[in-house]
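Residue numbers (this note's numbering), protein chains in the order written: chain A, 1 to 329; chain B, 1 to 329.
By construction, these hints were calculated from the structure, which means they are not laboratory data. Check the hints yourself; a few may be wrong.
In this list, chains with the same sequence are indistinguishable; a pair is considered to hold if it fits within one copy or across any two.
Unchecked claim - DSBU-like, lysine-lysine: derived pairs with alpha carbons at most 35 Å apart: (1) Lys29 <-> Lys135; (2) Lys62 <-> Lys251; (3) Lys267 <-> Lys31; (4) Lys31 <-> Lys270; (5) Lys94 <-> Lys31; (6) Lys155 <-> Lys232; (7) Lys200 <-> Lys31; (8) Lys162 <-> Lys318; (9) Lys162 <-> Lys29; (10) Lys200 <-> Lys309; (11) Lys94 <-> Lys240; (12) Lys200 <-> Lys104; (13) Lys162 <-> Lys130; (14) Lys267 <-> Lys62; (15) Lys267 <-> Lys98; (16) Lys231 <-> Lys8; (17) Lys29 <-> Lys155.
Protein chains: 2
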Amino acid sequence: MKNQQFQKLLENYRSIVNKTVLDELKNRKPKSLYDPLIYFFSSGGKRLRSILLLLCANSVNKELSSEPINQAIAIELLHNFTLIHDDIMDNSEKRHNKLTLHKKYDISTAVLAGDALLALAYEFLSRDLKQNSEKIFQEFTNALTVVCEGQALDKEFETRNKVSIDEYFNMISRKTGALIKSTCRIGALTQTSNELVVNKLGEFGELIGIAFQIQDDLFDVIGDEKTFGKKKGSDLVEGKKTYLLLKALQKARGKDLIKIKKLIKSKGIKPDKIKEYINIYYDLGIIDLAKKEIENFRQRADLILDELKSQIDSENLKLFLSLVINRTY
Amino acid sequence: MKNQQFQKLLENYRSIVNKTVLDELKNRKPKSLYDPLIYFFSSGGKRLRSILLLLCANSVNKELSSEPINQAIAIELLHNFTLIHDDIMDNSEKRHNKLTLHKKYDISTAVLAGDALLALAYEFLSRDLKQNSEKIFQEFTNALTVVCEGQALDKEFETRNKVSIDEYFNMISRKTGALIKSTCRIGALTQTSNELVVNKLGEFGELIGIAFQIQDDLFDVIGDEKTFGKKKGSDLVEGKKTYLLLKALQKARGKDLIKIKKLIKSKGIKPDKIKEYINIYYDLGIIDLAKKEIENFRQRADLILDELKSQIDSENLKLFLSLVINRTY
Numbered sequence: 001m002k003n004q005q006f007q008k009l010l011e012n013y014r015s016i017v018n019k020t021v022l023d024e025l026k027n028r029k030p031k032s033l034y035d036p037l038i039y040f041f042s043s044g045g046k047r048l049r050s051i052l053l054l055l056c057a058n059s060v061n062k063e064l065s066s067e068p069i070n071q072a073i074a075i076e077l078l079h080n081f082t083l084i085h086d087d088i089m090d091n092s093e094k095r096h097n098k099l100t101l102h103k104k105y106d107i108s109t110a111v112l113a114g115d116a117l118l119a120l121a122y123e124f125l126s127r128d129l130k131q132n133s134e135k136i137f138q139e140f141t142n143a144l145t146v147v148c149e150g151q152a153l154d155k156e157f158e159t160r161n162k163v164s165i166d167e168y169f170n171m172i173s174r175k176t177g178a179l180i181k182s183t184c185r186i187g188a189l190t191q192t193s194n195e196l197v198v199n200k201l202g203e204f205g206e207l208i209g210i211a212f213q214i215q216d217d218l219f220d221v222i223g224d225e226k227t228f229g230k231k232k233g234s235d236l237v238e239g240k241k242t243y244l245l246l247k248a249l250q251k252a253r254g255k256d257l258i259k260i261k262k263l264i265k266s267k268g269i270k271p272d273k274i275k276e277y278i279n280i281y282y283d284l285g286i287i288d289l290a291k292k293e294i295e296n297f298r299q300r301a302d303l304i305l306d307e308l309k310s311q312i313d314s315e316n317l318k319l320f321l322s323l324v325i326n327r328t329y
Numbered sequence: 001m002k003n004q005q006f007q008k009l010l011e012n013y014r015s016i017v018n019k020t021v022l023d024e025l026k027n028r029k030p031k032s033l034y035d036p037l038i039y040f041f042s043s044g045g046k047r048l049r050s051i052l053l054l055l056c057a058n059s060v061n062k063e064l065s066s067e068p069i070n071q072a073i074a075i076e077l078l079h080n081f082t083l084i085h086d087d088i089m090d091n092s093e094k095r096h097n098k099l100t101l102h103k104k105y106d107i108s109t110a111v112l113a114g115d116a117l118l119a120l121a122y123e124f125l126s127r128d129l130k131q132n133s134e135k136i137f138q139e140f141t142n143a144l145t146v147v148c149e150g151q152a153l154d155k156e157f158e159t160r161n162k163v164s165i166d167e168y169f170n171m172i173s174r175k176t177g178a179l180i181k182s183t184c185r186i187g188a189l190t191q192t193s194n195e196l197v198v199n200k201l202g203e204f205g206e207l208i209g210i211a212f213q214i215q216d217d218l219f220d221v222i223g224d225e226k227t228f229g230k231k232k233g234s235d236l237v238e239g240k241k242t243y244l245l246l247k248a249l250q251k252a253r254g255k256d257l258i259k260i261k262k263l264i265k266s267k268g269i270k271p272d273k274i275k276e277y278i279n280i281y282y283d284l285g286i287i288d289l290a291k292k293e294i295e296n297f298r299q300r301a302d303l304i305l306d307e308l309k310s311q312i313d314s315e316n317l318k319l320f321l322s323l324v325i326n327r328t329y
């Protein structure tokens, strides 16, 4: 029952975000700039970051005069900006089972559309800001910087043969963690200046972000292609330095180690080898290890909510946590 | 004498901007993200926008407690962000006689470097802001949006056969005018909330921006290759819808008209035809027309300074105007 009500709340938030953004994009000119963005934004996405920002604001202040919907949209647009440009850099074909923006149009269109989406993110950020506006601007901009740095590290890793697990965690905490951290901090900052609450919710968000990324790495191997929206094993084909691959490199011995090293050296494998490598992951216990790691981050995030028990109403954040981590396995 | 002192002031501003930005970039990691930006920012640029912002602030308030150097840098970085991404979209080889960023490195590096530079622009914008911070953020973001829209129009024009002079002016007032308008408005806003002064200085900036762009179109045909930093006639080779080309299309008759239409239809000419087309421009009086148009915008900008005589100290802005418009012909 509680869960159903919560799902309804999320659905409501999601449709407000989608409608507001699409209405805004449809009203703008030139069409050559905004139509590609309408295509991209209509192509799917769970809007988890905007939902999380609203939940954080609500957890801090149950009696909101109005929800920080514009700031939630700003975060969502910043996230989508990074997706558009990342897809160019990774030369990705599809996202949510639809053509990526630069494949549907061309690189120039996608570069410029991404830029305009970031501009729109800042526009939303500055609407109806009631308190802590300078802090919120700084938080948002800091997230943007750190996400770029994380993406640069991710690109560096592609051409490097050696990447440690620590470097991997540093990269994903920048590429994925920082934005979700700022999502939670901004949600809190719209309602309070209490630093403890803001910092703790930020930590909560960062942990979720890291868990998200490991989950993403894991789903590439065990996920359902339809719900995940991309081909199983594509990280293996591209030779991406995922949590799974780096852990496998640590654990493998003998023949397995030779195969893992070969994949790294050749910067990926042919699609007909995917099954073989997934089996190596299972044999080495990497799949279980990843699940445990995700569960560990989930628990740490949960613990933070407990620590904040007297300052916030954590019920919905707890529901969010159980919903987004441990999704389908 | 006055002129010499003024040149010294500009040189001083320019070196502060360059040093502050390069120091900032050199302190950052990862190098794979920031080294390309150091290359780009060291490759040249007159820093006119940052200088203009400082001059506007000074014209409003002679007794500055401190100069809004961070906001001046923010505008300069926003401008450079647009250059990096525009060079990708236009597939330009060189800028300031050096390889463009995506040619020196690759497209992915240039996309991400541009993004990070925009992030840094917002970081500088938020430093030491003393008044009107929300207005300044909105002004800055609005400029970013409008510049993207102008670039989209410019790209549209490449594939369209018909573009009117009015459409051209709309495009350049967005692509080039908006940022210089915001430069002047932000300079003023750091010192005053007087709307008349802010608006008038904004108009002044927009007029300069439009004059700049027509001058740019003109220099492609009559400019010195070395000081201009690109090959003479490259707009003709690319078939760009410049002020000169659109005016020539209006004025030409007979054989000339056929040739102009041919250039437009073929989306450019071979380099060995450049001289022929430049001669057509001279014969049709297009060169003189462009000079008159620029002079007209310069005069209108000058008039605004006269209108503001009792509110600001316009001396340095007048010197700036005569320095940047009517530069070498």
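Hints and how they fare:
1. Lys29 <-> Lys135: Both. Shortest intra-copy (31 Å) and inter-copy (23 Å) distances satisfy the 35 Å Cα cut-off.
2. Lys62 <-> Lys251: Answer is neither; intra-copy 48 Å and inter-copy 68 Å both fail.
3. Lys267 <-> Lys31: between (40 Å within a copy, 22 Å between copies)
4. Lys31 <-> Lys270: between (41 Å within a copy, 32 Å between copies)
5. Lys94 <-> Lys31: So lysine 94 and lysine 31 pass the 35 Å test inside a copy (23 Å) and across (30 Å) alike.
6. Lys155 <-> Lys232: Cα proximity of lysine 155 and lysine 232: one copy only (21 Å, versus 38 Å across).
7. Lys200 <-> Lys31: between (42 Å within a copy, 31 Å between copies)
8. Lys162 <-> Lys318: neither (38 Å within a copy, 58 Å between copies)
9. Lys162 <-> Lys29: between (47 Å within a copy, 19 Å between copies)
10. Lys200 <-> Lys309: within (11 Å within a copy, 54 Å between copies)
11. Lys94 <-> Lys240: both (17 Å within a copy, 33 Å between copies)
12. Lys200 <-> Lys104: neither (41 Å within a copy, 43 Å between copies)
13. Lys162 <-> Lys130: neither (48 Å within a copy, 47 Å between copies)
14. Lys267 <-> Lys62: Neither. Shortest intra-copy (51 Å) and inter-copy (61 Å) distances fail the 35 Å Cα cut-off.
15. Lys267 <-> Lys98: both (26 Å within a copy, 33 Å between copies)
16. Lys231 <-> Lys8: Within one copy only: 30 Å inside a chain, 61 Å across chains, cut-off 35 Å.
17. Lys29 <-> Lys155: This pair counts as both: shortest intra-copy Cα distance 34 Å, inter-copy 14 Å.
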